[in-house]
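Engineer: Residues per chain, in single letters:
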Amino acid sequence: MIVRKIAAQDWITKEMLLIFVILVTLPLWIEQIGLYRYLGVEIVIWMIYGLGFNLLLGYSGLPSFGHGAFFGIGAYAFGLFQLWFFENLWLAIVFAIFASFIAGAAVACFVSHRRGIYFALMTIAFGQIFWFIAIKWHSVTGGEDGLLNIPRAAADFGIFAFDLDSNTELFYFVFIVFVCIVLLLWRLVHSKFGKVLQAIRQNEERARFIGYNVWLFKWVAFTLSAAIAGLAGVLFSMAQQGAYPDVMALHASGIIVMMTLIGGGFVSFWGPVIGVTIYFLARDVLGIITEAWLLWFGLVFVLTVLFKPEGVAGAWQEWRKSRTSTVSGYQTLLQFLSTKKR
Amino acid sequence: MTVSHIFPHLLNGLSLGLLFALIALGFMLIVGVMELINLAHGSLFALGAYFALTIIDPSLSWFTAAEDSYTALPLIYRYGLALILAPLLVAVVGMGLELCMRRTYGKKAEYGLLLTFGAALVIEESIRLTWGPTERYLQVPEFMTGAMLFAGLIYSKYKLYAVVLSIITIFLVWLFLERSPYGAIIKAGAHDSEMVRALGINLTKLRLLVFGFGAGLAGFAGIVMTPIWGLRPHVGIDAVIPAFLIIVVGGIGSFWGAVIGGILVGLSVGITGAYASDWSLLSMYLLLIIVVTFRTRGLFGKKSILEN
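In order, the protein sequences belong to chains H and V.
Reading the first sequence from the start, the letters are residues 1 to 342 in my numbering.
Reading the second sequence from the start, the letters are residues 1001 to 1308 in my numbering.
Everything hinted at is true.
Cut-off 20 Å, straight-line C-alpha distance, at most; resulting in silico cross-link-like pairs (EDC-like, lysine to aspartate or glutamate):
#1 H:K321 with H:E310
#2 H:K192 with H:E205
#3 V:K1107 with V:D1192
#4 V:K1107 with H:E310
#5 V:K1187 with V:E1035
#6 V:K1108 with H:E205
#7 V:K1107 with H:E205
#8 V:K1108 with V:E1194
#9 V:K1205 with V:D1192
#10 H:K14 with H:E318
#11 V:K1107 with V:E1035
#12 V:K1108 with H:E310
#13 V:K1108 with H:E204
#14 V:K1159 with V:D1238
#15 V:K1108 with V:E1035
#16 H:K136 with V:D1238
#17 V:K1302 with V:D1192
#18 V:K1107 with H:E204
#19 H:K136 with H:D246
#20 H:K192 with H:E204
#21 H:K136 with V:D1278
#22 V:K1302 with V:E1035
Each pair of labels, with its calculated beta carbon distance range:
#23 V:L1160 with H:R206: 52 to 58 Å
#24 H:L286 with V:A1065: 36 to 42 Å
#25 H:I289 with V:W1279: 41 to 47 Å
#26 H:E205 with V:E1194: 20 to 26 Å
#27 V:W1279 with H:T324: 57 to 63 Å
#28 V:T1064 with H:D284: 37 to 43 Å
#29 H:N203 with V:Y1137: 48 to 54 Å
#30 V:F1171 with H:S191: 54 to 60 Å
#31 H:W90 with V:K1108: 40 to 46 Å
#32 H:D284 with V:C1100: 26 to 32 Å
#33 H:T290 with V:K1205: 34 to 40 Å
#34 H:L188 with V:T1293: 29 to 35 Å
To spell it out: a stretch of chain H is covered by chain V in this simulated footprint if at least three of its residues, at any positions, have a beta carbon under 8 Å from a beta carbon of chain V; those stretches are:
#35 112-123
#36 132-144
#37 299-308
These are computed hints drawn from the structure, not numbers from a lab.
Given the structure is predicted, the values throughout are model-derived calculations rather than measurements.
For glycine and all other residues, C-beta sits at the position ideal for the given N, C-alpha and C.
Start from the sequences and build out the full structure, keeping to the hints where you can.
Structural biologist: Dropping the structure here:
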């Protein structure tokens, strides 16, 4: 058996650097193209959410239609910690991630032995339960109005601290979290754990017969994905300075599925990043032109499922492949050989 | 707590359960025959009610004179027309959806789920654009409105009418599925599609008709239910959630599973409503989780390809 060493591209790639560079300069040019800085914050938060979600949908093949619940739990827990106890950014974040982790772990116990449609239906049911509690438990969650006036404490690193009051500062804070999550998830999906998840997606039975504890792998993937959704929820409640139940509704949970799929989450790590960008640009650019932008987004989604489930990333990969093959057969041969070797 | 205390809540739960069963019928048919979760069920439900709204009161101002003489007709005729015509229109929309759906057959079942979710969004947004986002009211003939006294308690007449209508519909669908040759073909198609094809039955056409029928039933349920629930573009979500809960509780592919599942869900909502009315809807999710934890395939479910 050949033990492959961990290669550099398991840590960092050109695409990753490109995306980091685009995002790190975003506050400099986003207003020049007629958009606003808060949109950047929102997009990066949802990218984190989408990347975590794709660990389930894209890598493990588990369509969760209730993921908004964990996003919402993160947001509420972040707010409640500060309103109940004291204002401290780090403790509140840890508390919120822990809350969504626990909720995710509990739900995962009920859904991990399921797959396909039954998995989707069970996640809808659990998602609805959490959404329902968020709406009805007025004394804690503030009911349909949500939790208001959540403080956004300064990020205190001990030696120095910086305020997160302006959208630019908040953007860089969110961006740093994004970089951490990207590095973590990239490493994770290229590790043995990630490979097993992909094996489960392709053929769960075979993965089980090889001897993997499929239930445990799915449980870990679900819980981790829920915790990341919770982290994104924290950032969202920081951005909005409030936590609202509508992010937990079935509608919102479905939107993240749609974003991930349109972007190409089935074939690419970057699928959700592309999908989230498309969604928010559609909302803000198409939304100016027509009130019916969600209708068009829905139609694009339907067409994607019908004709190109691999999404934008899949189309791009195919285009590049066809291009290299027409440019020179020699390159293709080289590519073929190099892939064979790995 | 004596029997007389709980009785009205039981009755309430039972009637709610029968209405839920009506909502779930079309869903059950499509999932049972085509092994396809139709998340657009709720949107089709809403669409039926909106079609009925326009049929009862077509303020299109295309042919003003004709419209005026039409709206001068007694409400009961227009309502009766809506009750027949609107489900047919929804059935046509459903058939259109089925035609799109064909590309996903043979792929993983999730694709059908994703596609119908997208379709639900598209239909809901179309409703919002066509009829506006505000709450509307579906008129019903006068003899159905008002209240009546029964066993010392006050009931709305409309609810009684809706329950009777749903019992009749459930019976007719049962007759069709279990006692007619068409039902036999439909069930055989779900059981062994290759054999049915080999017998020379056009399964492609059959699936189209079944999907249309299921969609029509959803639209019909929408017309019956929305005078109780109110009519807004996203009312569909209130219908599709109970429908799928009922089917999973009752077991996929079972007619009586759907009916009994509906009644169980209705009873649990009705009884918890007596003690904690705010939380009554939570009980149906808990019911689902309890049932599925102990009986993986629901109460009367058989093995289905959806488990793959």
